[in-house]
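Given these sequences and hints, build the entire structure.
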Amino acid sequence: MESYELTLKQTIKKIKSGELLPSELTKDYIERIKSVEGDIDALNETEFDSALKKAKDMDEKIKSGKAGALAGVPYILKDNMCTKGLKTTCSSRILGDFVPPYNATVVDKLAEADAVLLAKANMDEFAMGSSTENSAFKKTNNPFDFSRVPGGSSGGSAAAVASKQAAFALGSDTGGSIRQPASYCGVVGMKPTYGVVSRYGLVAFASSLDQIGPLTKTVEDSAIVLNAIAGHDKKDSTSISAEFSDFTEGLDKDIKGMKIGVPKEYFGVGLDSEVKASIDKAIKTFEELGAAVEETSLPTFDYALSAYYIISSAEATSNLSRYDGVKYGYRADEFEDIVDLYKQTRTEGFGDEVKRRIMLGNYVLSSGYYDAYYLKAQKIRTLIKQDFDNLFEKYDLILSPTAPSVAFKAGEKEDPMAMYMIDIYTVPINIAGLPAISIPSGLNTEGMPIGLQLIGKPLSEKTILNAGHRFEQARGDFPLPKL
Amino acid sequence: MRVSEEEVNRIANLSRLKMGEDISQMQKNLEDVLSHFEKLNELDTSNVKPTAHILPVENVYRKDEVVESMDRDLLTDNAPQREDGCYIVPKIVE
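Chains A and B, in that order, are what the protein sequence lines are.
So that you can map any letter, position 252 of the first sequence is 252 in the working numbering, and since no number is skipped, the others follow by simple counting.
So that you can map any letter, position 86 of the second sequence is 86 in the working numbering, and since no number is skipped, the others follow by simple counting.
The set of hints was computed from the structure by calculation and includes no laboratory data.
Owing to the predicted nature of the structure, the values given are computational and were not obtained by experimental measurement.
Think of the CB as a built atom: it goes at the ideal place given N, C-alpha and C, for glycine as much as any other residue.
Only true hints are included.
Listed next, the in silico EDC-like pairs over lysine to aspartate or glutamate satisfying Cα-Cα at most 16 Å (straight line):
{"#": "1", "chain 1": "A", "residue 1": "K327", "chain 2": "B", "residue 2": "D71"}
{"#": "2", "chain 1": "B", "residue 1": "K18", "chain 2": "A", "residue 2": "D352"}
{"#": "3", "chain 1": "A", "residue 1": "K259", "chain 2": "A", "residue 2": "E288"}
{"#": "4", "chain 1": "B", "residue 1": "K18", "chain 2": "A", "residue 2": "E336"}
{"#": "5", "chain 1": "B", "residue 1": "K28", "chain 2": "A", "residue 2": "E353"}
{"#": "6", "chain 1": "B", "residue 1": "K91", "chain 2": "A", "residue 2": "E334"}
{"#": "7", "chain 1": "B", "residue 1": "K49", "chain 2": "A", "residue 2": "D371"}
{"#": "8", "chain 1": "A", "residue 1": "K9", "chain 2": "A", "residue 2": "D252"}
{"#": "9", "chain 1": "B", "residue 1": "K91", "chain 2": "A", "residue 2": "D340"}
{"#": "10", "chain 1": "B", "residue 1": "K91", "chain 2": "A", "residue 2": "D337"}
{"#": "11", "chain 1": "B", "residue 1": "K18", "chain 2": "A", "residue 2": "E348"}
{"#": "12", "chain 1": "A", "residue 1": "K139", "chain 2": "A", "residue 2": "D39"}
{"#": "13", "chain 1": "A", "residue 1": "K413", "chain 2": "B", "residue 2": "D32"}
{"#": "14", "chain 1": "B", "residue 1": "K18", "chain 2": "A", "residue 2": "D340"}
{"#": "15", "chain 1": "A", "residue 1": "K276", "chain 2": "A", "residue 2": "E295"}
{"#": "16", "chain 1": "B", "residue 1": "K49", "chain 2": "A", "residue 2": "D387"}
{"#": "17", "chain 1": "B", "residue 1": "K18", "chain 2": "A", "residue 2": "D337"}
{"#": "18", "chain 1": "A", "residue 1": "K56", "chain 2": "A", "residue 2": "E24"}
{"#": "19", "chain 1": "B", "residue 1": "K18", "chain 2": "A", "residue 2": "D324"}
{"#": "20", "chain 1": "B", "residue 1": "K28", "chain 2": "A", "residue 2": "E414"}
{"#": "21", "chain 1": "A", "residue 1": "K84", "chain 2": "B", "residue 2": "D73"}
{"#": "22", "chain 1": "B", "residue 1": "K18", "chain 2": "A", "residue 2": "E334"}
{"#": "23", "chain 1": "A", "residue 1": "K139", "chain 2": "A", "residue 2": "E37"}
{"#": "24", "chain 1": "A", "residue 1": "K327", "chain 2": "B", "residue 2": "E83"}
{"#": "25", "chain 1": "A", "residue 1": "K84", "chain 2": "A", "residue 2": "E45"}
{"#": "26", "chain 1": "A", "residue 1": "K284", "chain 2": "A", "residue 2": "E294"}
{"#": "27", "chain 1": "A", "residue 1": "K235", "chain 2": "B", "residue 2": "E68"}
{"#": "28", "chain 1": "A", "residue 1": "K234", "chain 2": "B", "residue 2": "E58"}
Residues from chain B that keep clear of chain A, each with C-beta distances beyond 12 Å, as calculated:
{"#": "29", "residue": "D64"}
{"#": "30", "residue": "V66"}
{"#": "31", "residue": "D84"}
Structure representation (structure tokens):
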């Protein structure tokens, strides 16, 4: 078996046992990238020289017995996480040549675990989008069907894992940007509870919604990555001060008697019939595993999308005001005065979707509209959180489809509102700060992956991982494309 | 939900963005999305407190002691125009 076919768990085992040398493994992945990347276009920048150097160092370190938990394991990072000395562009022209002077905390943590950074992944510009088509640089293709999108905004990361260009990838999720591309690309994508993973060094989009999380081939793999990246960080004052136990513990626990709620609002008019059929089948699987699955309701479901776009645009417009051509990034060549410098730089440097969200954000925050929109959305946020709290009094987990359909064809969703509707099943989770995972549940008749979403109450990652792992085992193998 | 061209320009100014030929497209986009937001008026939220932040954390402090900051040159290195540790911009005050 080719080394890139292995799961992360298998890879770690073979490295530890000496069967696989880190330098050989990294060379294998570099060859793999060279062979498939032309079709997929998932990566903005590759870091082959530094990767090979780190891998070679790991050859020695493994022998010493002092190597980290992910020693020698190659990974790919979404291009909105700062890497010291390596370009971090957020797939935007305004950061097209930006080289951060520091690492994101997750990058430092993975470096401490001795993982090997292979490349930075393409994404929707500033994480705004659901298809990676908003990248200022290029489109990424879905490995299952090159004419379709990989989802977004972590489309590059998801496509890279699905095309086996790395043992795992990191993405970021503000309204579904890890889970939805995972669903579209047939891989596992997890968004932890808000605050579990440090946001220091993650280029901010919506500060009260953003979270970093893993994209992997299996649920167990995502637990392994979560172990390496979770934890309190002094440099992120929104990170949770709690000790986390081993996320891989208890994956095999019996889920007999686990109570799972399925909100009926997720099965409304927009849901594709084949996706519904796949989720219905998954529900049967959970019942066969002994879980008690029943229909329930999330009454504020219909309001979540609007609340999300108001809150995230408002936070985004504030976060993106730092891009002014003064301290770093792109600066326009011609301008008349300081205000013109800002306007010219930002107009030239930002793409259309980013501009739309900045405008929307300022509109909902502006005097005269603040109460009707932003304040209203924050109140709806309270109601959505309450709804979930009520559900978690009764249920251990909530189950739903991750997205209303499978990956669509590139260029198909031209209307911004149609694109926003894709996030409808994922955004409520970010609003409530909950942990959630997307797991491949099956393929539709066109051979495109369908994703199942499991949602838990805050800090219930182990419950989600346990249920997800048992489901995965019952489901059986989910083959990725033979590229 | 109507958004006048004047309003688009006002918001563009606040956003430090320039609208060109794309102004009518932006106008339409804003109107479409804002119309969708009208749905929120269906819910009575008069007695609901707003949630700004989802975690029950407040005022995360650190000790008030001097610690090493990042190297100033390293940080200003990325600026398009800089001199003596300062950023160069067009004259602001006449």
